[in-house]
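Asks: With the sequences and hints as input, model every part of the structure.
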Amino acid sequence: MKKFTRRLLTLALSGALLGGCISSLTASAREPYDVYNYDRWGDAIPSQAGYIAERAVSGYDLGVGAFDSPSDIFCDHTDTFYIVDSGNNRIVAVDSDFREAVKVYDSFTMPDGSQTKLKNPQGIFISAENDLMYIADNENARVLISGKDGRVVREITKPTSEIYDQKRTFLPQRVIADKAGNVYIVLGNITTGAAMFDPEGEFIGFYGANRVQPTAEIVGNYLTSLFTSEEKRARRTRNVPTGITSFDIDGDFIFTCTASSTQTTDTVKKLNAAGNNIFASNDAVYGDYAPMYDTSQNKLLAPAIVDIDIAEDGNINCLDFTTGRVFQYDEDCHLLFVTGTIAKQVGGFDHAAALESKGENLYVVDSRKDTVTVFTETDFGKIVHKATAYYNAGYYEEALEPWLEVLKHDGNYWRANVGVASALLRKGDYEGSMKYAKLAGMGGIYNKAFEGYRMEFLKKHFGTVFAVAAAIIAGLFALGYTLKKRRRALAAAEKAPADADIASLDLNNGEAAEALQALEAETKADEEAARLKAEIAAAKEASAADKSNGKEEQQNDGPETR
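For the sequence shown, position 103 (counting from the first letter as 1) is numbered 102 according to numbering that gives the first Met the number 0, and the numbering increases by one without interruption.
The set of hints was computed from the structure by calculation and includes no laboratory data. Certain hints may be false.
[Unchecked claim] With a straight-line Cα cutoff of 20 Å, these simulated DMTMM-like cross-link-like pairs (lysine to aspartate or glutamate) come out:
1. 343 - 67
2. 118 - 128
3. 147 - 111
4. 368 - 53
5. 298 - 312
6. 269 - 249
7. 102 - 53
8. 102 - 138
9. 269 - 331
10. 147 - 105
11. 385 - 329
12. 298 - 282
13. 118 - 138
14. 178 - 201
15. 178 - 75
16. 381 - 138
17. 426 - 404
18. 381 - 331
[Stated by the list, open to error] Listed next, with one range per pair, are the computed distances between beta-carbon atoms:
19. 274 - 446: 21 to 27 Å
20. 130 - 280: 36 to 42 Å
21. 459 - 300: 53 to 59 Å
22. 289 - 60: 34 to 40 Å
23. 40 - 86: 54 to 60 Å
24. 160 - 263: 28 to 34 Å
25. 147 - 298: 42 to 48 Å
26. 360 - 459: 27 to 33 Å
27. 456 - 289: 28 to 34 Å
28. 425 - 138: 51 to 57 Å
29. 289 - 64: 21 to 27 Å
30. 446 - 147: 51 to 57 Å
31. 128 - 427: 45 to 51 Å
Cβ coordinates follow ideal geometry from the N, Cα and C atoms, glycine included.
Replies: Have a look at this one:
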C-alpha cells in the first residue's frame, strides 16, 4: 500500500512538472519569432519581449466586410482610428477599443454639392487643431480636406507653379498638416522632398529633401568633373537622392523615413520648421544591424523603413518592410525593442504597410493579409518605458530603480546599463558608475566617473597621500645629494697626489694641507678620503721625525766642526 501511494505521489509530481513545462512552452510560443536585441558590440542577443501580439483584426471582425489592400492607419485626438482601405476605395473609422467600425467614408460631398469617390487612397491624417481629415487620394491625383461629416472643404491638386516640374505627375502617398494649417504631401514620383502647401492650398515649395549618399562612385565622379568641360558635365548623369516614403508629425517637428535598399543616408530624419535635420549627425542604425539573407533570391536584403510613428511618450516606431519588424527607439534613437517578423501566424506579416500607436498598444497594417495586428505592452515593456521616460526627462536618479529592475529580467539590456551608470554618476557613486559604464561600453560616462572617483580618493586619503609624497620627495633629494657627493669625491680622488708622491709634499708651502682640506671638504664620509687622510698624517709625522733627527745631528756635529 505504501509503495502504491508513493507511486501515485511520484506520478502527481511528474504531471505537475510536465504541466508547468507545457505552459512555459505555450507562453514562449505565443510569438512566431525569436525576441532579440543588440549588445554593445552590435551582436544580436536574446532578450525579453516589449510587446506581444494580442490579436489580428479583419474587416469582418469590425462588421464592414473584408479589407482589400489596406495601406495606412491613423489614430486621432479622440482615440478614433481611421483605416485607409485602398482596394475598396474607402476610409473605415473604428472605435477606440478596435472592436467595431463607427463609420465608413466611401463618398464625399464637394463644395458645389456634387458627390465624389476615392480612387486607391493611400494615406490619411486628422488634425487636432481643426478636426479635418486630410486624404491622399492617389489615383485621383489630389488631396481631399474634409470634415468628419464627409463634406469637402478644399481640394489640392497638381500645382501650376514653375517650381513644380509639369512633366511630373501628382500622385499623393502620405499627407500631414502642421498647427498652422500648412499641408505636406509625399508624392510617389518626387525625390526633392515633400510638396508643401499653405492653408489656402497654394503651393509653397518642397520641404525636407534627402541628401545624396556620398558613395565612392559619386565622389570619384565629382573629382573627375573638376577637370572636365562644361559640355561634358552637362551630359553627365545627375545623382538623385531617394524620395521620402512616409512621415509623422510631433509638435513642431516632422519625422520622415525612407525605404531604400541602396541608400542609408537620411533613413530617419527629424526636421524642424526650417527643414533642417536634427538627426544629421546621428550615427544610429535603423533596422537590423546586418542585412537579412534571402535564400530564395540568393541575396542580402537591406532594411526598408516604410512607415514611422511617434508615440505619445516620444518613442520612435519604425516599420521595416524587409523583415516585417517594428523597431522601437527612444527619442535619442537608442533601440528599445524589436517586434514582429515575416510569418503566417498572428504577430507575423506578409506585407507590412503601416503602423500606429496609442497608449500601450501598437497597430500594424498588413496589406496582403488584409488585417490590422494589435500588439500590447508586456510588463517588461512597461518597466523599460517608465525608466526611459524618467531618463529622457533628466530624472536620472528616479530612473535608477526601474533600470535595476530591467537588469533583473535581462542582464544584457544595454540601455539599462547606460541608465544605471548615468544615475550612479549623478548620485556620486563613481565606482558603481564606472562598473556599469564599462559594461555598456560608454567611455564618456566612464571618464567622468573616474575623475570623480579620483578626486574623492584624494580627499579621503589626503594625509596619507601627502605623507607618502613628502617621503618620496625627501628620498629623491637625499639620493640626489648622495650621488652628488659621490661624483665630487671621485673627481677629488682623481686630482689627489699618488701614494708615491705623498712623502715628498712640500709641507712648508701647505701642499699637504691643501690636499687634506680638499679631500675633507669633498669626501668626509668616503672611505677613500679617510685612507688619504691617514696617509697624509703619517707623512707629516715621518717628515717631522726626519727634521728632528737632522737638528740633533747638527747639534752633535757642531763642536767637532768648530
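Asks: If a hint holds in the structure, say so; if it does not, say that too.
Replies: A quick look at each hint next to the structure:
1. For the proposed pair residue 343 and residue 67, the alpha carbon gap of about 18 Å is at most 20 Å, so the pair holds.
2. Restraint check: the Cα-Cα separation between residue 118 and residue 128 comes to about 27 Å, which exceeds 20 Å; the hinted pair is violated.
3. In summary, the hint linking residue 147 to residue 111 is supported, as the alpha carbons are separated by about 18 Å, within the 20 Å threshold.
4. Proximity of residue 368 to residue 53 is assessed by CA-CA distance (about 16 Å); at most 20 Å being required, the pair is judged to hold.
5. A distance of roughly 38 Å separates the Cα atoms of residue 298 and residue 312; the hinted pair therefore is violated under the 20 Å criterion.
6. A threshold of 20 Å between alpha carbons decides the hint, and for residue 269 with residue 249 the separation of about 10 Å falls inside it, so the pair holds.
7. Of the supplied pair hints, the one linking residue 102 and residue 53 is violated, its CA atoms being roughly 24 Å apart against a limit of 20 Å.
8. Distance hint between residue 102 and residue 138 is unfulfilled; the C-alpha atoms sit about 23 Å from each other, more than 20 Å.
9. A hinted pair counts as satisfied when its Cα atoms are at most 20 Å apart, and residue 269 with residue 331 qualifies at roughly 11 Å.
10. For the proposed pair residue 147 and residue 105, the alpha carbon gap of about 12 Å is at most 20 Å, so the pair holds.
11. Restraint check for residue 385 and residue 329: satisfied, since their Cα atoms lie roughly 12 Å apart, inside the 20 Å limit.
12. For the hint linking residue 298 to residue 282, the alpha-carbon distance of about 25 Å lies beyond 20 Å, and the restraint is violated.
13. Annotation: proposed proximity of residue 118 to residue 138 holds, straight-line Cα distance about 5 Å (limit 20 Å).
14. Between residue 178 and residue 201 the CA atoms are separated by roughly 17 Å; this keeps the pair inside 20 Å, and the hint holds.
15. This hinted pair checks out: residue 178 and residue 75 have alpha carbons roughly 14 Å apart, not beyond 20 Å.
16. Taking the CA atoms of residue 381 and residue 138, the gap is about 42 Å. The hint is violated against a cut of 20 Å.
17. Restraint check for residue 426 and residue 404: satisfied, since their Cα atoms lie roughly 18 Å apart, inside the 20 Å limit.
18. For the hint linking residue 381 to residue 331, the alpha-carbon distance of about 19 Å falls within 20 Å, and the restraint holds.
19. About 36 Å separates the C-beta atoms of residue 274 and residue 446, a value inconsistent with the hinted range of 21 to 27 Å.
20. For the pair residue 130 and residue 280, the beta carbons lie near 38 Å from each other, so the given range of 36 to 42 Å is met.
21. Between residue 459 and residue 300 the beta carbon distance is about 57 Å. The supplied range of 53 to 59 Å therefore holds.
22. Roughly 37 Å separates the CB atoms of residue 289 and residue 60, a value that falls within the hinted 34 to 40 Å.
23. A hinted range of 54 to 60 Å for the beta carbons of residue 40 and residue 86 is inconsistent with their spacing of about 45 Å.
24. The hint said 28 to 34 Å for the Cβ distance between residue 160 and residue 263, and at roughly 32 Å that hint holds.
25. With their beta carbons about 46 Å apart, residue 147 and residue 298 fall inside the hinted range of 42 to 48 Å.
26. Range check, residue 360 to residue 459: Cβ separation about 51 Å, and the 27 to 33 Å hint is violated.
27. One distance hint, 28 to 34 Å for the beta-carbon pair residue 456 and residue 289, is violated here, with the actual separation near 43 Å.
28. Taking 51 to 57 Å as the suggested C-beta distance range, the pair residue 425 and residue 138 conforms, at roughly 56 Å.
29. Our hint of 21 to 27 Å for residue 289 and residue 64 is violated, since their Cβ atoms are close to 42 Å apart.
30. Take residue 446 and residue 147: their Cβ atoms lie about 56 Å apart, and the range 51 to 57 Å holds.
31. Remark: the range hint 45 to 51 Å for residue 128 to residue 427 is upheld by a beta-carbon distance near 46 Å.
Violated hints, in rising order: 2, 5, 7, 8, 12, 16, 19, 23, 26, 27, 29; the structure is consistent with all others.
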